[in-house]
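Residue numbers (my numbering), protein chains in the order written: chain C, 812 to 970; chain R, 133 to 579.
It is worth saying that the hints were derived from the structure and are not from the lab.
Incorrect hints may have been included.
Calculated lysine to aspartate or glutamate pairs in the DMTMM-like style (CA-CA distance at most 20 Å, straight line) [stated by the list, open to error]:
#, chain 1, residue 1, chain 2, residue 2
1, R, K219, R, E189
2, R, K333, C, E872
3, R, K477, R, E519
4, R, K176, R, D374
5, R, K333, C, E865
6, R, K553, R, E443
7, C, K965, C, D924
8, R, K176, R, E193
9, R, K477, R, D520
10, R, K333, C, E824
11, R, K477, C, E865
12, R, K333, C, D924
13, C, K965, C, D949
14, R, K477, R, D522
15, R, K223, R, D308
16, R, K553, R, E442
17, R, K553, R, D471
18, R, K477, C, E905
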Amino acid sequence: MSVFSPATRDRFERLAASYPQARSALVPMLLYAQDELGYLPPEAIAEIAALLGETELAVREVIGYYSMLRTAPAGRYHVQVCTNISCMLRGGEEILGHCQRRLGIHNRQTTPDGMFSIEEVECMGACAWAPALQVNYDFHQELDPAKVDEILEKYRRQG
Amino acid sequence: MAERPAYPAAHPAEVRVVSQRFGDPRAATLAGYLDTGGYQALGKALGLNGGEAMAPEAIIEEVKKSSLRGRGGAGFPTGLKWSFIPKGGDKPKYVLCNADESEPGTCKDRLILEYDPFAIIEGITIAGRAIGAQRGFIYIRGEYRYVLDIMQRALAEAYAAGYLGANIRGSGFSFDILAHTGAGAYECGEESALMESLEGKRGIPRLKPPFPAISGLYGCPTVINNVETLASVPPIILRGGDWFLNIGLPKNGGPRLFSLSGQVRNRGVYELPLGFPLRRLIEEVGGGVLGGSLKAVVPGGSSTPIFTAEEALGLNLDYDSVGKAGSFLGSGGVVVINDRTCMVKFALRVMQFYRHESCGWCVPCREGTNWLQLALTRFHRGDGRPEDVDLFTDVAQNILGRTLCPLGDAAAMPILSIVRKFRSEFEDHLHGRPCPFAAESSAVPVA
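Pulled out of the complex, with its shape left as it was, chain C reads as follows:
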């Protein structure tokens, strides 16, 4: 019994076959697994390890390296605020503070309803349109506090 949907399981098998060495598919697989499950639970790690013929330890070793991969759930909307130099110079720290106050949580925490989590992140390649944040994979740029409120409200309404 797979922890993944049949479509994802198929995708993983195709992915493993598309590289000269199957293990090359590991990092994309982990990220796509997380997209589907919200995080990487032990069952997902075991299944991916078996699929690639690797040990669970080898897979965990890789997970520990990459900053986007997580073994515990985050909020449904993971708010990632950049405070690196180009954002800092245009108010990125103020945007992070604003998000924390609005959502009532600190960095790396999740709201009690599981809707939002916050993470201060490093440069996301939006320097010329700073300050910027990403909600899951969506970029939001040239932010001010009012725009942040609108963005958070939009996601809250989406539920």
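Using the hints provided, position chain R relative to the given structure of chain C.
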């Protein structure tokens, strides 16, 4: 996806080569790409348009003639890099496109990937032809998911139309490209760490030599180039190396993309001839400094040594001029800093980044960045000791040149230059004095 307003018209100083299709929504489709001159260079290289195919050596020669240098950071001559790949041999050869753009201050590859994915695919295919490879990979940073989607759609279209796969357009040349996602790691932008990551491992760097041209991905000969570098190849093949060279300066061929960010009015990505004066970039193209007067400029991404206002205003933006002035053109990420910004705070934020991104493999980098972040945090809040200032330099000096990959140098160089050039600001923080800039944030909000 990214919300993005209409792409701005070119500034008169710009020479749009790799940015020629920016803002054209049709360019990310094969039909739109073909309508705007796409695939003519591959046609020329493979002899698809009735002419004779170019010999692989002739392709490399043309790229050498253009004086195209790497647009990722190190600035190595691209044609020379390609020529290091051994001819023949039993092992497969690979072309890697480094789309792991993560150097703070840099946001230009994202635009090429978004607006002109076929130019990258065409550039990789030509590179593959030149070095005798049959396979390429595009390593895209995990945060750029919408870009990965764009690239995968473009690859599918290229395959469907016979521009990739077996026997490309009847030429006898076969080539495959796969787009691959990372999952968050600055270090994977370093070429050997990228290869480790693409092999499904932690992205730790390899000891060099052997260099990738001899032993790269899966231990096979590999060329690895930045996105912008590869997107520059089709125009060079089509219009000639001399044409490209003459846009820039000797040994500094072409225009390149500059990401202009920080406290400056008209931020953006601008394609300017190499050798363009930094003063004109800030004042004329950038519309001037915001929120104060100019204090400092980072010329090529956060890892490059900083310039004071006075140094910056006399500088021309080409590899050799910036090198002679003691820094690097790097990734072309120009960050403008005004005189209300605390340089201790700036150094601390840069160090926070490198501590977070150090992969931990080499002790000087792992321990040095950690120690420097802790000490700079203490120092910035007013608990500094007079001897700390020299200690920052001493620790950074002991990272410099003592690590397998350039991340150690990237962490050490900014702090060394900031302490040396803005020492008085460090001294102003001593004796329990709070940060003199702390009363209000120097951050300039978006208008």
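A quick look at each hint next to the structure:
1. R:K219 to R:E189: 10 Å, holds
2. R:K333 to C:E872: 8 Å, holds
3. R:K477 to R:E519: The hint holds at about 18 Å.
4. R:K176 to R:D374: 17 Å, holds
5. R:K333 to C:E865: 11 Å, holds
6. R:K553 to R:E443: 11 Å, holds
7. C:K965 to C:D924: Within the cut-off at roughly 16 Å; holds.
8. R:K176 to R:E193: Status holds; Cα separation ~15 Å.
9. R:K477 to R:D520: Judged against 20 Å, a Cα distance of about 15 Å means the pair holds.
10. R:K333 to C:E824: Status holds; Cα separation ~19 Å.
11. R:K477 to C:E865: Judged against 20 Å, a Cα distance of about 44 Å means the pair is violated.
12. R:K333 to C:D924: The hint is violated at about 35 Å.
13. C:K965 to C:D949: Status holds; Cα separation ~13 Å.
14. R:K477 to R:D522: 17 Å, holds
15. R:K223 to R:D308: Holds, at roughly 16 Å.
16. R:K553 to R:E442: 11 Å, holds
17. R:K553 to R:D471: The hint holds at about 14 Å.
18. R:K477 to C:E905: The hint holds at about 15 Å.
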